[in-house]
Amino acid sequence: MKSLALILGLFICLVSIGQKTTLSGYIKDKTTGEFLFSTGIYCVEAETGTRANEYGFYSLSLKPGTYKFIVKYPGYKSQSFEIDLSEDVRLNIDLVPENMEELVIKDTKTDENVKGTDMGKVAIDIEQVKVLPAFMGEVDILKTVQFLPGVQSAGEGNSGFYVRGGGPDQNLILLDEATVYNASHLFGFFSVFNADAISGMEITKGGMSANYGGRLSSVLDIKMKEGNYQDFHMEGGLGLISSRLTLQGPIKKDTSSFIISARRTYIDILIKPFIPEDNAFNGSGYYFYDLNAKVNYRFSDKDRLYLSGYFGNDVFTYNNDRDNFNVRIPWGNATGSLRWNHLFNDKLFVNTTAIYSDYNFQFQASQSQFEFALLSGIRDINLKSDFTYYPSPRHNIKFGYNYVFHTFTPSSVSARSEDVEFFDEDDVLRIYANEGALYFMDDFDVTERLRLNLGYRHSIFQQIGPFTRYIPDPTNPLANSEVDYGRGKTVQLYHGPEPRFSMRYSINDSSSIKLGAVHNYQYVHLATISPVSLPTDVWFPSSELVKPQINTQVSAGYFRNFKENTYEASVEVYYKDMRNLIEYKEGAEPSDNVNDNVDNNLTFGKGYSYGAEFFIKKSTGKLTGWVGYTWSKTMRQFDEINEGREFPARYDRRHDLSAVASYKLNDRWTFGAAFVYATGSAITLAQGFYIYEGQIQYEFGDRNSLRMPAFHRADISATYYTNPIKKKVDKVTGEIVEKERKIESNWNFSIYNLYNRANPYFIYIDQDGDIDAGTLTISGKQVSLFPILPSVTWNFKF
Amino acid sequence: MRLLLTYTFIVLSLAMVSCEKEISIDIPQYDSKIVVDGRIEQGLPPIVFLSRSYEFFGETDLTQIQNDHVSGATVVVSNGTVTDTLLELCTQSLPPGIDTLVAEFLGVDVSDLALFNICAYVGTDLAIFGEVGKSYSLTIDYENTQYTSTTRIPELVALDSVWWEKNESGSTPTTDYGFSWAILSDPDTLSNAYRWYARRLNVDQNGDEKDPQFLLPFGAQFDDEFINNQTFEFAYERPNSENDGPDDKRGYYREGDTVVIKFCSIEFAVCEYLRSAETQALNAGSPFASPANNPTNIEGGALGLWAGYGVTYDTLIAE
Chain F
1 MKSLALILGL FICLVSIGQK TTLSGYIKDK TTGEFLFSTG IYCVEAETGT
51 RANEYGFYSL SLKPGTYKFI VKYPGYKSQS FEIDLSEDVR LNIDLVPENM
101 EELVIKDTKT DENVKGTDMG KVAIDIEQVK VLPAFMGEVD ILKTVQFLPG
151 VQSAGEGNSG FYVRGGGPDQ NLILLDEATV YNASHLFGFF SVFNADAISG
201 MEITKGGMSA NYGGRLSSVL DIKMKEGNYQ DFHMEGGLGL ISSRLTLQGP
251 IKKDTSSFII SARRTYIDIL IKPFIPEDNA FNGSGYYFYD LNAKVNYRFS
301 DKDRLYLSGY FGNDVFTYNN DRDNFNVRIP WGNATGSLRW NHLFNDKLFV
351 NTTAIYSDYN FQFQASQSQF EFALLSGIRD INLKSDFTYY PSPRHNIKFG
401 YNYVFHTFTP SSVSARSEDV EFFDEDDVLR IYANEGALYF MDDFDVTERL
451 RLNLGYRHSI FQQIGPFTRY IPDPTNPLAN SEVDYGRGKT VQLYHGPEPR
501 FSMRYSINDS SSIKLGAVHN YQYVHLATIS PVSLPTDVWF PSSELVKPQI
551 NTQVSAGYFR NFKENTYEAS VEVYYKDMRN LIEYKEGAEP SDNVNDNVDN
601 NLTFGKGYSY GAEFFIKKST GKLTGWVGYT WSKTMRQFDE INEGREFPAR
651 YDRRHDLSAV ASYKLNDRWT FGAAFVYATG SAITLAQGFY IYEGQIQYEF
701 GDRNSLRMPA FHRADISATY YTNPIKKKVD KVTGEIVEKE RKIESNWNFS
751 IYNLYNRANP YFIYIDQDGD IDAGTLTISG KQVSLFPILP SVTWNFKF
Chain X
1001 MRLLLTYTFI VLSLAMVSCE KEISIDIPQY DSKIVVDGRI EQGLPPIVFL
1051 SRSYEFFGET DLTQIQNDHV SGATVVVSNG TVTDTLLELC TQSLPPGIDT
1101 LVAEFLGVDV SDLALFNICA YVGTDLAIFG EVGKSYSLTI DYENTQYTST
1151 TRIPELVALD SVWWEKNESG STPTTDYGFS WAILSDPDTL SNAYRWYARR
1201 LNVDQNGDEK DPQFLLPFGA QFDDEFINNQ TFEFAYERPN SENDGPDDKR
1251 GYYREGDTVV IKFCSIEFAV CEYLRSAETQ ALNAGSPFAS PANNPTNIEG
1301 GALGLWAGYG VTYDTLIAE
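Chains F and X supply the protein sequences, listed in that same order. Heads up, the first sequence is in my numbering, so the first residue is 1 and it goes up one at a time. Heads up, the second sequence is in my numbering, so the first residue is 1001 and it goes up one at a time.
Just so you know, the hints here were simulated from the structure itself, not pulled from any lab data. Just so it is clear, the structure is predicted and the values come from calculations on it, not from any experiment. Glycine included, every Cβ here is placed at the ideal spot set by N, Cα and C. It cannot be assumed that every hint is accurate.
What the hints assert, rightly or not - Now the stretches of chain X that chain F is said to cover, found in silico as 3 or more residues with beta-carbon under 8 Å:
#1 1029-1037
#2 1046-1053
#3 1297-1309
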């Protein structure tokens, strides 16, 4: 705590004091009324500028005088104006889109690449994602994220991702500030994010700033659209496997708006007529749906309220009437955020959010009179406030707190046979924990060339009762014991300092060098059994056995823009050290949670990762896109795995190349293409075999010492936009008149896996026949998932 | 349970979309290892089979693998006072007495022994024959490499009683069939471990033995982690036999069966190996199974097990 006070004091000294007047306000899109975040505003005379925060608010303090300002946001017409700043001025700025029809390639401030202090941070434009090839026609923002250097796909068609050698649980995925614990549908093949409801997203791979915490490797911050404040609009799409519909508009013009967006798959409905009613499997099926909704209200210039929510579910049902066997597996997320933006004065802005987030997995099975259910999940109640303070144009200060109450259900069973209950719902094992953090950061210009971002976050985690710890006795199983903790009693307490640092030194207008360092803690963990992310994976908290995961990352980069910011390029190198990582014990078969704790099956170790990422991006012109290449190495060391020897992480990939491009031929046609190449995943396979007591035994090589064949794939797409103008012959005059169509629509044609590459999903050893009969054959088999898959989607808007 | 769920998920989801192909994987030079299958029971000579391990994706001849024998090794067993160099013998020329033992060990008929040309290293000095409570060291010298191990024949723990019980309750009640039951009193020492073999003495209508040798049921070995110093009842299913006829219900003994139970005390380390080996045989290369090697007790880079068995016999008549 002392250090925090020290840093605070330091900042206050640095903040220059003097007679200043302030220009502040919000920057909005004139047509929809939605706020534009990260817009740049520049004062010509003072040669200084700032950018709006994530809620569209900006503030710039200058000596009294008359100044000329320029406001710039890519895809919008620049505005310039002159203003007399003899006293504080509040000014809301409306920007007009350059061309409504044109594909808008949004970006952060065009020279943000070289000017900002952010490292390893990339913003992705949703409109651009929509013209890229889509897997089975489903636009998926998480799959686009995987095309960035340093971000790797968890597997074929999978939305899961790994960032810079970190595990899949080390990514903080936020939807309107609510944590999304399981971001995928259907075994990871689709993400839970419906692109129609999303306005923007940003991923931070490296030095995440102090306002983010709780995960080691990355932050994926996704913002939902606010809804149009001016007019009603409806948009949607019909795809091969799902349909979408979005409705948005004002509740009260310029004051309040709403958006509601829904999506549902319909494979189950489509195939239903083809399954005869007497078929034993009649009634089996799978579907998922999501619903996003948001309402906003602007009380005044000083206060705004947002209420947004997400609700999504996957439901898998399996019925076998013949055996009277039924299974139902529902799982899904629900999040809700209530946000209040308040402006204390021209320089101090606060956003306070109350968040509810819930992930739930259930497995319900019944056979005759026997019923069985398994339940696991996590629920968070979260309250946070984030302050933005603009003492002078040189400083951009943020500070705030975050408090979360976690309720974990690691996995609980209930079983019943007729009237006999074996395990009761009331016995559901729950684990409770408090998590909190305080942070402070300042992003400031030291000199014209040097900009620093210093931050400090202090996090704390407390597991509280009621809780029962089962202690297995290694020497005498009869001496196994239990320790009971009462309600509210501290089971375990952890806390840790999380300093953050990043700096940018401008070499000239188009190039800079950046350095970053971050030290952070993660208190919640995901134990995965299978290499694919499954809904059966269990979240659990830090405990006496499970220490918080700790990460220290340093990175350095060279950033350069070419041809007046047409091309952005960067090279970043990083080294990451991770402690207290988690794996299941060798040979452990995580069994029921009855009379045991999940963490009794775990083992702990450490890891490191280093690599270099090369990135070049073109964001303007007819041809846009990027190429990213990563060279990296990710290793793990666990005392109880691989006899303590270091081994490659499952997602250690030496080479990872991805290229994404879209080409706008004309107003009608836009083409997209994507290519990815990655070193095969590390696997452990039997390398030899032998016979013992007449049975075949395997001799496995070192953990993850073998490689699957390399993964590569190309996808292409074409989007056809219908002509927004229709020509009509005027019956009276006989002249041809042009009329705007009420409905705009487009067709997206995609081909996934263009050259039909059989990429390995997993590899296993197939043992066939009988050794005694001499018919035994042993072979390695590779299972691949998706062959060439064409798809078509029709999207409309009016 | 969770593993089962994982299986269910993967299987169900892949069933629809996946395709499969055979591949060969580039394995950086595999070095074949010596595989030891050695055992010693009280009153019997030590027997050690030596074979080799094979490269997974290499060219292999199965018949050759089955009859594989590493010849020319020097195999020495010592109980601390007596040291015996084992004699290399082959099935076609086995002394009487040893042939039945070997046949049982291999799970073949004595008469079939000659069909295989199987060889083993066998102790011939009576003074090295197994004794309860003694430890036996094993030293194998082969091609300038030495492999060593030690095992012990644990104190005998006899079953208190064995019986057959009709399966009259449960989901599929039967009156003619049932499991074998036993009561065991585990001593107050930790890490006791056991192995259960069973063999029906009955013959089928052709006069063939239903079980030509002792067979292992599912989960044949267990330790006393949860049962230390307790007296408890437990049941085993009947091990599967190749000679099962239509009247033999899988897993059950039929009324009228006469069964010899061979109940062995084994060391904990031996139990762990046997358990791991059973799991591996069942998993048969499943991609979801944990890739763990069998925990061998042989030092020096060999695979396999050197195991001492303290054997007691019981007879169970299904009536």
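Each hint, compared with the structure:
Coverage of the segment 1029-1037 of chain X by chain F holds. Counting CB-CB distances below 8 Å, 5 residues qualify, and the rule asks for three or more. Chain F is given as covering the segment 1046-1053 of chain X, and this holds because 3 residues of the stretch bring a CB closer than 8 Å to a CB of that chain, at least three being needed. Counting residues of the segment 1297-1309 of chain X whose beta-carbon sits less than 8 Å from any beta-carbon of chain F gives 3, enough to reach three: the coverage restraint holds.
Consistency with the previously given hints is maintained throughout, with no hint failing.
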